[in-house]
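Dock chain B against chain A, hints included.
Listed in order, the protein sequences are those of chains A and B. Anchor point for the first sequence: position 229 equals 229 in the UniProt record's numbering, and the numbering is continuous, going up by one each time. Anchor point for the second sequence: position 134 equals 134 in the UniProt record's numbering, and the numbering is continuous, going up by one each time.
Take these hints with a grain of salt, some might be off.
As the list claims (entries may be wrong) - Stretch by stretch, here's where chain A covers chain B in the computed footprint (C-beta under 8 Å, at least three residues):
| # | stretch |
| --- | --- |
| 1 | 7 to 21 |
| 2 | 29 to 40 |
| 3 | 72 to 80 |
| 4 | 190 to 202 |
As the list claims (entries may be wrong) - Chain A regions said to be covered by chain B (calculated; three or more residues, Cβ under 8 Å):
| # | stretch |
| --- | --- |
| 5 | 1 to 7 |
| 6 | 13 to 19 |
| 7 | 27 to 40 |
| 8 | 44 to 56 |
| 9 | 158 to 172 |
| 10 | 175 to 186 |
Stated by the list, open to error - In silico negatives: residues of chain B with every beta carbon more than 12 Å from chain A:
| # | residue |
| --- | --- |
| 11 | ARG2 |
| 12 | ASP108 |
| 13 | ASP186 |
| 14 | ARG218 |
| 15 | ALA232 |
| 16 | ALA246 |
Since the hints were derived computationally from the structure, they do not count as laboratory data. The structure presented is a predicted model; accordingly, all values stated were derived computationally and were not measured. C-beta: ideal position from N, C-alpha, C; glycine also.
Protein chains: 2
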Amino acid sequence: MRSASQNAELALLLEVAGTPKPGNVDRSRDLEDLLFEHFLAGAVGAQDGLRMAASGEPVGRSFERAVEGMAEQGGGNTQFGALLLLVPLVKAATDGLSRSAAESVVADTTVADAKAFYRAFEHVDVFVSEPDPELEALDVRRGSGAAPALEERGLTLLDVMDRSVPGDAVAREWLTGFERSFDVADRIAAARGPVADRAASAFLTALAERPDTLVAKRRGEETATNVMKQAAELTRADGDAVDREAVESFADDLVSQGINPGTTADLVAAGLFVALENELIEL
Amino acid sequence: MRSASQNAELALLLEVAGTPKPGNVDRSRDLEDLLFEHFLAGAVGAQDGLRMAASGEPVGRSFERAVEGMAEQGGGNTQFGALLLLVPLVKAATDGLSRSAAESVVADTTVADAKAFYRAFEHVDVFVSEPDPELEALDVRRGSGAAPALEERGLTLLDVMDRSVPGDAVAREWLTGFERSFDVADRIAAARGPVADRAASAFLTALAERPDTLVAKRRGEETATNVMKQAAELTRADGDAVDREAVESFADDLVSQGINPGTTADLVAAGLFVALENELIEL
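Just chain A, same shape as in the assembly (with noise of 0.2 Å):
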């Protein structure tokens, strides 16, 4: 049987392999500097940092490892927001996962949870928007310079990601005991045909179904909201995609202008790892 940091780096696999995802990297298509290859060497190298996770080790220094083993390939920032998912979720998974088990994880991160998550931004360049000045002393990008400030206000994890909400969906995660994860695990359980497919199919559902956060900090709402809409217009009710080649299609246009949503797509890992986890799938 996989373990659960097997399931986690096959999660990670399974998501890229997808297609079609309008926008991001997939098995038909490679973005510029960002290519397919990168993405397989990201979720061999994210190995450790999972596995410290399943074994019990914080949240915080597991995902710094995860981040830091990710980063080692050269197309920068692959799986950052996925694996922000996938490591409490892991942790989560000793004692059966559940999304009470994962909210008792994410309740349970500490100052020091939150100081190795502001580390991880020192091993790879992530898209962040600009914080509010008198948040200034937590930005991100500050990386390790902000532990005073993470001390000083006594801030865990997961007042941290309290404070990206709304405007970051995988902060949303960590504050609804990760509903949308849950829900993904559900659609690609219920769907039929090779596992790959079935997350395209949850993912191109999940962007219907809210504005995707990468697009909206990079591209602005508006830009985020126009791509949902695109991408309900082209699922029905029951989450399958109505015409691939409109789908095909709507992806081309997503690359041709640089848009990619790819918190969607940590959703969809998440997701993929909740099913494989909790055996809601074979492959």
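Same frame as chain A, now just chain B:
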């Protein structure tokens, strides 16, 4: 830095990601019951056995464990031959990977390694030829049942491989200091572009060089020789594919005929590992 076992796993992933890889599952092609995602799961599953080899455990037991984990997916045998190359190479990498280090590792194999190799066949269906009647006691399909015959004759795993040459290109690597694996590594290093593309190109060159022994076992020597000649027509002296469209059409043709040059893919996986481990390529 990636560990040797991580490089081996990444080699398995990059191998299957290369396209076009005529006749095999690749980034663009699934076979009927053997999907891209089965190879992803096989690579992740092989992890524990690869890690055993990296930490100095015997080749036989590491290989058996790698195969057992690889087989935990619904596609059947995905990477048996590749692992039979990777496990000794990973073990050889502990003191700096070279052909002579690999030769020492296989020369040091024992009867216990041979017995573990036979046990590996109990975890997965591997295509093998009918043995000569006098070798029936050593038919690999006997699994652990062959142990008394192995002990009686004092056969090490290298001896077992020796008896499979020249009909098996993987066994031939064991007897030649992994000659073709290191050649493939050099070709991948000398090429340009995404690593997975270079691997696909190296696959075609290797296919043009010698008949694929899996094709020979399954479909006869003549078919294997024809496939080799067709591949040769598509490659130039420098190993680059002349005409991508012609290679794609050759790939479709082999898939539709059910001709699957799996042993050549195994050599490419081994070559990718050597190239990654000896830092001949960056990714």
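Outside-interface status for B/ALA232 - nearest CB in chain A farther than 12 Å: Label holds. Min Cβ-Cβ 27 Å, cutoff 12 Å.
Given coverage of the stretch 27 to 40 of chain A by chain B, tested with a Cβ cutoff of 8 Å and a minimum of 3 residues: holds (count 8)
12 Å Cβ clearance of B/ARG218 from chain A: holds (25 Å)
8 Å C-beta test of the stretch 13 to 19 of chain A against chain B, three or more residues: Result for this restraint: holds, n = 3.
Within 8 Å of chain B's CB atoms, at least three CB atoms from the stretch 175 to 186 of chain A: coverage verdict: Three-residue rule not met by the stretch 175 to 186 of chain A, so violated; n is 0.
Outcome, coverage of the stretch 72 to 80 of chain B by chain A - at least 3 residues whose beta-carbon is closer than 8 Å to one in that chain: holds (count 3)
Least C-beta distance from B/ALA246 to chain A larger than 12 Å: For B/ALA246, whose nearest Cβ neighbour in chain A is about 21 Å away, the distance exceeds 12 Å, so it holds.
Annotated coverage of the stretch 158 to 172 of chain A by chain B, confirmed only when three residues or more have a Cβ within 8 Å: violated (count 0)
Within 8 Å of chain A (C-beta), three or more residues of the stretch 29 to 40 of chain B: holds (count 6)
Coverage criterion applied to the stretch 1 to 7 of chain A (partner chain B; beta-carbon cut 8 Å; 3 residues): holds (count 3)
Chain A versus B/ASP186 - minimum CB to CB distance exceeding 12 Å, so not interface: The assertion about B/ASP186 holds, with a minimum of 20 Å to chain A.
Reported absence of B/ASP108 from the contact zone with chain A (all CB gaps over 12 Å): Check passes; 28 Å lies beyond 12 Å.
The structure does not agree with the numbered hints 9, 10 and 11 stated previously, though it agrees with the rest.
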